[in-house]
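Undergrad: All chains, please: the whole structure from these sequences, using the hints.
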Amino acid sequence: MRFRYSEYVSKILLMDNESSGKNGGTTRRDFLAQMGLTGAGLTIAPLLSQAEKYIPGPEIPLPSMVTTQLSINGKSQTLMLQSNVTLLDALRERLHMTGTKKGCDHGQCGACTVLMNGYRINSCLCLAGTCEGAEIITIEGLSKGEDLHPMQEAFLKHDAFQCGYCTPGQVCSAVGLVSEGHAKTDPEIREAMSGNICRCGAYQNILEAIKEVQKTS
Amino acid sequence: MIPFAFIRTKDKETAIKNGSMKGSKFIAGGTNLVDLMKLDIEKPERLVDINALDLNQIEVLPNGHIRVGALVKNTAFAYHPEIIKRFPVIHEAILSGASAQLRNMASTGGNILQRTRCYYFYDTAFACNKRVPGSGCSAINGYNRNHAILGTSDHCIATHPSDLCVALMAMDTMVLTQGPKGKRSIPISEFHRLPGATPQIENVLQTGELITAIEIPTLSFSNRSCYLKVRDRASYEFALASAAVALQISSGKINQSRIALGGVGTKPWRASEAEKHLTGSEISKEAFRKAADIALTSAKPNQHNAFKIELAKRTLVRALMTASEIA
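Protein chains in written order, with our numbering: chain X, 38 to 254; chain G, 138 to 464.
These are computed hints drawn from the structure, not numbers from a lab.
Keep in mind that the hints are not guaranteed to be accurate.
[Said to hold, decoys possible] Computed beta-carbon distance windows for the label pairs: (1) Lys427(G) to Glu172(X): 51 to 61 Å; (2) Ser101(X) to Asp177(G): 11 to 21 Å; (3) Gln114(X) to Thr434(G): 33 to 43 Å; (4) Thr135(X) to Thr344(G): 37 to 47 Å; (5) Ser421(G) to Glu172(X): 53 to 63 Å; (6) Lys181(X) to Arg330(G): 49 to 59 Å; (7) Ser254(X) to Ser421(G): 44 to 54 Å; (8) Ala264(G) to Lys221(X): 45 to 55 Å; (9) Thr135(X) to Asp260(G): 42 to 52 Å.
Beta carbons: idealized from backbone N, C-alpha and C, even for Gly.
TA: Here you go:
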């Protein structure tokens with residue numbers, strides 16, 4: 038984690054302003070010592086002089102923890118996470134649900150696709166904190182026990198993958214496509230699946246799998 | 138991603154109060170902002186989550202205008218029956234942008250505020266006046282194939298990325314806001330700023346001012362409209378050139394027209410002079426070509442994007458032919 042100068046200053050200032058207990062027993066002096074700067078008089082002098090003049094204000098933003106209540110595959114979860122954690126990282130790293138894949142991490146490849154309130158989304162561009170009250174379905178939540186979701190069955194039947202890395206995202210996206218109900222023709226389905234990249238090039242078979250599920254649903 | 142304070146609220150006033158503090162940003166869908174935060178291009182100290190605000194409705198007002206709440210998702214906007222029926226140009230523009238996943242996340246307000254995809258803006262190793270004011274523009278003498286040819290300055294030639302905004306420009310949409318100083322209604326033509334010497338200031342929003350909705354006025358001929366987008370691949374790509382057009386036709390002549398261009402301007406580009414030229418004109422490819430020449434008169438290309446002048450003209454001609462059903 039990087040610290041910007043302003044954060045560094047505000048961290049020192051905040052410590053000066055609070056009782057030492059609130060920061061886990063760390064005083065400003067301790068903090069500076071920990072940072073190995075106590076001897077560097079020239080560096081600290083301007084900081085200290087600013088600190089002496091500091092008048093407590095209400096707004097010093099510091100990294101905050103966020104509590105979020107949401108439902109994941111039908112199970113209610115309360116997550117307390119740092120503010121910059123995405124839904125994807127919360128699923129994989131906190132809940133150890135590694136079915137949802139991290140590809141580009143920038144909303145371009147679709148490997149991280151999950152369903153939120155019935156709609157497919159890129160979980161990598163979704164901050165977990167903004168998911169309050171959401172109902173998330175991941176690839177792990179599509180099957181009922183040993184019974185695969187019809188889309189998973191169709192992917193198997195039509196050999197709609199090779200390496201499999203994009204498959205959880207493809208399947209979730211395809212489930213969303215069918216329930217959204219806007220894509221009917223081959224070009225429409227291809228267009229509506231363009232947010233999921235497959236480097237093995239299984240597109241034709243993915244298309245066939247989706248069409249089969251559309252026929253039967 | 139640099140950590141930040143996070144505030145979630147259901148109350149508009151609380152959101153605006155927090156959004157007014159130094160270093161604050163509102164977050165809705167997050168599709169653009171989170172991406173930029175991962176790259177340390179956006180570095181907010183505080184995010185104000187507005188997703189719980191009551192701004193998620195599409196209303197048809199008594200005068201027929203359509204008011205779309207700032208939090209309405211792009212998908213819901215595109216597929217609203219009134220939009221499909223009365224504003225095909227908006228329906229088509231939205232669906233030509235991004236992917237299904239992104240359209241399910243992205244909000245109406247966020248689409249209007251989305252930032253350029255100039256690769257020098259995205260790459261923090263390069264100088265960029267938009268990202269670091271005064272650092273210079275790497276695109277002007279760099280690789281600028283995707284860059285703007287209209288509304289550029291010596292400080293910035295970044296293209297405005299939105300498809301929706303191009304359609305909204307053609308439809309004279311109003312942007313409704315609420316901020317610390319009260320409510321405003323801003324014509325979308327005055328909402329985005331030209332880069333000039335301050336490309337980092339992209340719109341007229343003031344500190345803490347929140348987009349609450351947009352309002353699309355009734356237009357008698359908006360059902361005769363379309364959006365045509367030309368790009369390097371068939372889907373999931375930004376425009377090299379695009380055109381939003383609407384035509385009012387009677388007795389084989391054009392009474393009124395609306396023309397806006399995308400992919401070529403530093404902001405969504407309205408072609409008013411071209412519209413004037415078409416008034417009273419015959420419906421013909423030649424007349425449309427003349428209008429397109431007028432629309433691109435002030436185009437100023439750089440080393441790699443001169444092709445966009447001809448591309449934009451042909452895109453516009455084709456869109457006008459489609460709308461007048463002679464294509």
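Undergrad: Determine for every hint whether it applies to the structure shown.
TA: The hints, checked one at a time:
1. Lys427(G) to Glu172(X): 51 to 61 Å: 55 Å, holds
2. Ser101(X) to Asp177(G): 11 to 21 Å: 19 Å, holds
3. Gln114(X) to Thr434(G): 33 to 43 Å: For Thr434(G) against Gln114(X), whose Cβ atoms are near 58 Å apart, the range 33 to 43 Å is violated.
4. Thr135(X) to Thr344(G): 37 to 47 Å: Given about 42 Å between the Cβ atoms, the range holds.
5. Ser421(G) to Glu172(X): 53 to 63 Å: 54 Å, holds
6. Lys181(X) to Arg330(G): 49 to 59 Å: Holds: the Cβ-Cβ distance is about 54 Å, inside 49 to 59 Å.
7. Ser254(X) to Ser421(G): 44 to 54 Å: 48 Å, holds
8. Ala264(G) to Lys221(X): 45 to 55 Å: This hint holds: roughly 48 Å between Cβ atoms.
9. Thr135(X) to Asp260(G): 42 to 52 Å: With Cβ atoms ~31 Å apart, the hint is violated.
The structure fails to meet hints 3 and 9 from the earlier list, while all remaining hints are met.
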